[in-house]
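Let the hints inform the model, and build the full structure from the sequences given.
Under my numbering, think of the first position of the sequence shown as 98, with each following residue one higher.
You can take every hint at face value.
Listed below are the simulated BS3-like cross-link pairs for lysine-lysine, each with C-alpha atoms no more than 25 Å apart in a straight line:
(1) K174 to K213
(2) K216 to K177
(3) K174 to K207
(4) K177 to K213
(5) K214 to K177
(6) K213 to K224
(7) K216 to K174
(8) K224 to K214
(9) K207 to K177
Because the hints were derived from the structure by calculation, they are not lab data.
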Amino acid sequence: MPAEDLFEKSLNEVDRLIHEGSILGEPVEVNGCTIVPVFGYGFGFGAGFGGSDKNGQRGGAGAGGGLSPVALVIIDKAVKGIEGVRVVPVRKPGPVTEAINALGEGILPKVVDMMKKEKEEGEEEEKESGKKK
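What follows is the structure, given as structure tokens:
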């Protein structure tokens, strides 16, 4: 097989293996909640070719990879809005992950409150503009 064909065939296989289904598992329904597993993956690929007119061309390619569980996304259908969505890590988080989580826990409620306030102010403005007509 020519080197170009081997390389193209290998890349097509990599493309087949890596897609959104590789990191998001099939959703599962449990007690009114949808649970979506999230995976991380690592992947490596290598190819080499060489030879001479006397000995001919030779080549090879190899790949390896793996998936590991990272978290579960739990969507509680009984709770409306973003409050019904939780992300639960399935392995012990590192210091960077803990810092990001701490920031998110502090900021997210403030963002939700701001959005509610803007919505309420917009509704009040609509009512007032309707009274003036």
